[in-house]
Amino acid sequence: MSINKVKYPEQIEKAISEIEKLLTIDYKLTKRSVALLLLQKDEALLREIAQKEPSYEKILEVITETEKHFTEPISYIIASVRQETAFKVEREALKEEGSEKASITEILHKLTVNPITGIPIMLLILYYGVYKFVGVFGAGTLVDLIETFFEKNINPVVNQVTAQVIPWKVLQDLIANDYGIITLGIRYAVAIVLPVVTTFFLMFSILEDSGYLPRLSLLVDRAFKAIGLSGRAVIPMVLGFGCDTMATMVTRTLETNRERIIATLLLALAIPCSAQLGVILGLLSNNPGALLIWSGFMIFVFLLVGFLTAQLLPGKRAGFYMEIPPLRIPKVKNVLTKTYVRMKWYFIEILPLFILASVLIWLGKLTGLFDLIIRALEPVMLWLGLPKEAAQVFLFGFFRRDYGAAGMFDLYQRGILAGRQLVVAAITLTLFIPCIAQFSMMLKERGTKVTLAMTAFIFPFAFLMGYLVNFLLTALGVNF
Amino acid sequence: MDCHNCNRSCHHAGGRYRRRFGFFWQKAQKEMCEEKLLKFALVGSPNVGKSMLFNALTGAYVTVSNYPGTTVEIARGKTVIHGREYEVVDTPGMYSLLPITEEEKVARDLLLEEKPDLVVHVVDAKNLGRMLPLTYQLIEAGLPVLLAINMMDEAEQLGLAIDREKLERELGIPVVTMAAAQNVGIRELKERVAEYVNK
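Residue numbers (UniProt numbering), protein chains in the order written: chain A, 1 to 480; chain B, 1 to 199.
Heads up, some of the hints might be wrong.
Lysine to any residue pairs mimicking SDA-like chemistry, simulated, CA-CA at most 25 Å apart [unchecked claim]:
(1) K105(B) <-> S440(A)
(2) K7(A) <-> G142(B)
(3) K39(B) <-> K199(B)
(4) K444(A) <-> E73(B)
(5) K5(A) <-> S96(B)
(6) K331(A) <-> N183(B)
(7) K14(A) <-> L98(B)
(8) K31(A) <-> Q83(A)
(9) K115(B) <-> K88(A)
(10) K31(A) <-> S96(B)
(11) K105(B) <-> T105(A)
(12) K31(A) <-> E73(B)
(13) K5(A) <-> E20(A)
(14) K444(A) <-> I162(B)
(15) K31(A) <-> E170(B)
(16) K5(A) <-> T79(B)
(17) K21(A) <-> Y76(A)
(18) K105(B) <-> T256(A)
(19) K52(A) <-> R108(B)
(20) K449(A) <-> K344(A)
(21) K132(A) <-> S210(A)
(22) K344(A) <-> S440(A)
(23) K115(B) <-> T24(A)
(24) K41(A) <-> R108(B)
(25) K88(A) <-> K105(B)
(26) K7(A) <-> I162(B)
(27) K105(B) <-> E53(A)
(28) K5(A) <-> I162(B)
FYI, nobody ran anything at the bench for these hints, they're computed from the structure. Keep in mind it's a predicted model, so treat the numbers as computed, not measured.
The whole structure should be built from the sequences, with the hints applied where relevant.
In structure tokens form, the structure reads like this:
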């Protein structure tokens, strides 16, 4: 088979062969390809030849000389010649046999993308898919079921057995009682986080495989432009609702550094991860008003902080270019595999951390350090209008977002948190610093300086907003 | 074809010496085999099914999402064709050899630094014309390219048919049509990869 190349306009071909002659070292690419990339001003290659090629100046001369022959940039001409050749080949190899089948998906596509129909569709998906399925069924029904099972059948047995087997109270506390590895760590992981994460990932996989998410990007592109992001940034944002750590890594797909910084900050601040979201939905689902205030406030903070950072940060605004895959009916097998793999990954990752957290709490209690921190946090809690028990929840939140949220769920079930306090705690905890994993990913992707600056902003901001919400709700006499 | 033998000797050779000097034996053999392990890379624009194909080839599981640009790191796995092992590399999506985003840079660097024995350019059958410019760039770069036209099922639903042989003649490289999600064409792709690499 002879390999067929694209033929470029005469002037460009001439420049290519001139540059080819001037190149002396091995670039791991053909000289023709290097010449073409140089003509298109590829930065990495220009830097390389500046260092290594003796006739660097001469090559530059050829490039400027060639540019003079064209009114458009050379890169544009090269790209369009290639594209023309490609379309010609496509025409020859492609047989179209009339298409009517596409019409239904085409109509569906238009419905999801048009704001007039798209927004109600989005709200419907959010209501039934996220609120009803994850919030009410996952975080409500399922959690209740497993929690009750734990509290009736497992915890008392564990408490009794450890009490008989281990004579020392100190060691008993490590495994059982209020903060034990089994009675707290494993209970949180299995009874609270697992059902929430499972229902969420199931829903998420279905949405993902149907091709709906890129359409959501199109729909919100305009709103995102206002906060310095493009519709493209919807991908990490939506992924953030699954896991903020993973989403922080995916900000790499954004075009400009500016966009990456804004997206990372918003992920750390205003996007709750699946476990946190599920637990918060579960907490607030008995109180539609509270849920509305929480979500409204989150959207407000998201837009406000995004808008302000977009004003403050210098740099080029992002464009928007993205592939839109077709709408498909998800395959059951694929959805289940995906959900299973994510659950497994999640569970394997969090279980040791929950156990570690139990051990740390145990150590902290033993040494008195834990009480010290809690006592220091208590005034802050009272200042926020929260019961002082909430201090412990915030301390848990350092370990993992979901751990903190799960702790809050516990307080709620014991009847300690109620009404207005739920909203304030939910808001503060959502805004609050991300989990350790996300924090380290931020360090890796954005560097120490940017990460520390973000942290320095997020800490006081979260508490300030909590205070503000409590103040406003109290002043307006709102209660639930 | 020595590699074939090498692979075999890796798994079957043994005996007294091996038991006694097991560590050194294994190490030496391993180095020999790794040297000859052939490598092919999956490249292409985002959302053409590279990761799905990677899963189908290697049996490993990389999260596949139906929205573009979520593969941000390089995934590696192994596949066996005719009893011989090949390394398969999945790359983040790229539109051209002239990179714009960080992830595109990752894919280009891989092609240049690692020089795979074969570059499988995966494209979406529905958007063939828009994707061929990258094929040309890969050919221009002197890389050994195979064009894998994926999502044929969806193209057929749209009433599109592709004349594979004509395309092979026009481009001068091997072309395979497939639907990775349906497990269609995977075997043929493997055949053609082996054929190409052993040529």
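Consistency of the hints with the structure:
Simply put, K105(B) and S440(A) have alpha-carbon atoms about 23 Å apart, close enough for the 25 Å limit, and the pair holds. The straight-line distance between the Cα atoms of K7(A) and G142(B) is roughly 15 Å, inside the 25 Å bound, and the hint therefore holds. Of the pairs offered as hints, the one joining K39(B) and K199(B) holds, with about 15 Å between alpha carbons and a cut-off of 25 Å not exceeded. In summary, the hint linking K444(A) to E73(B) is supported, as the alpha carbons are separated by about 14 Å, within the 25 Å threshold.
The straight-line distance between the Cα atoms of K5(A) and S96(B) is roughly 16 Å, inside the 25 Å bound, and the hint therefore holds. Between the alpha carbons of K331(A) and N183(B) the distance comes to roughly 13 Å, so the proposed pair stays at or under 25 Å and holds. Taking the CA atoms of K14(A) and L98(B), the gap is near 21 Å; set against the 25 Å cutoff, the hint holds. With a CA separation close to 21 Å, the supplied pair K31(A) and Q83(A) stays within the 25 Å bound.
The suggested pairing of K115(B) with K88(A) is violated, with an alpha-carbon distance near 30 Å, which exceeds 25 Å. Under the criterion of a C-alpha separation no larger than 25 Å, the hint pairing K31(A) with S96(B) is consistent with the structure, at around 17 Å. Straight-line distance between C-alpha atoms of K105(B) and T105(A) comes to about 34 Å, which puts the hinted pair past the 25 Å bound. A hinted pair counts as satisfied when its Cα atoms are at most 25 Å apart, and K31(A) with E73(B) does not qualify at roughly 29 Å.
Distance check on the hinted pair: K5(A) and E20(A) sit about 16 Å apart at the alpha-carbon level, within 25 Å; holds. Restraint check for K444(A) and I162(B): not satisfied, since their Cα atoms lie roughly 45 Å apart, outside the 25 Å limit. Among the hinted pairs, K31(A) with E170(B) is consistent with the structure: their alpha-carbon atoms are about 23 Å apart, no more than 25 Å. Straight-line distance between C-alpha atoms of K5(A) and T79(B) comes to about 31 Å, which puts the hinted pair past the 25 Å bound.
The straight-line distance between the Cα atoms of K21(A) and Y76(A) is roughly 24 Å, inside the 25 Å bound, and the hint therefore holds. Note on K105(B) and T256(A): the hinted pairing holds, with a Cα-Cα distance of about 14 Å set against a maximum of 25 Å. As the CA atoms of K52(A) and R108(B) are separated by approximately 21 Å, the hinted pair is consistent with the 25 Å bound. Between K449(A) and K344(A) the CA atoms are separated by roughly 34 Å; this puts the pair beyond 25 Å, and the hint is violated.
Taken as a hint, the K132(A) and S210(A) pair is honoured in the structure, with Cα atoms around 20 Å apart against an allowance of 25 Å. Distance hint between K344(A) and S440(A) is fulfilled; the C-alpha atoms sit about 22 Å from each other, no more than 25 Å. Pair hint K115(B) plus T24(A) holds up; C-alpha atoms about 20 Å apart against a cutoff of 25 Å. This hinted pair checks out: K41(A) and R108(B) have alpha carbons roughly 16 Å apart, not beyond 25 Å.
A hinted pair counts as satisfied when its Cα atoms are at most 25 Å apart, and K88(A) with K105(B) does not qualify at roughly 29 Å. Pair hint K7(A) plus I162(B) holds up; C-alpha atoms about 24 Å apart against a cutoff of 25 Å. Between K105(B) and E53(A) the CA atoms are separated by roughly 23 Å; this keeps the pair inside 25 Å, and the hint holds. The suggested pairing of K5(A) with I162(B) holds, with an alpha-carbon distance near 21 Å, which does not exceed 25 Å.
The structure fails to meet hints 9, 11, 12, 14, 16, 20 and 25 from the earlier list, while all remaining hints are met.
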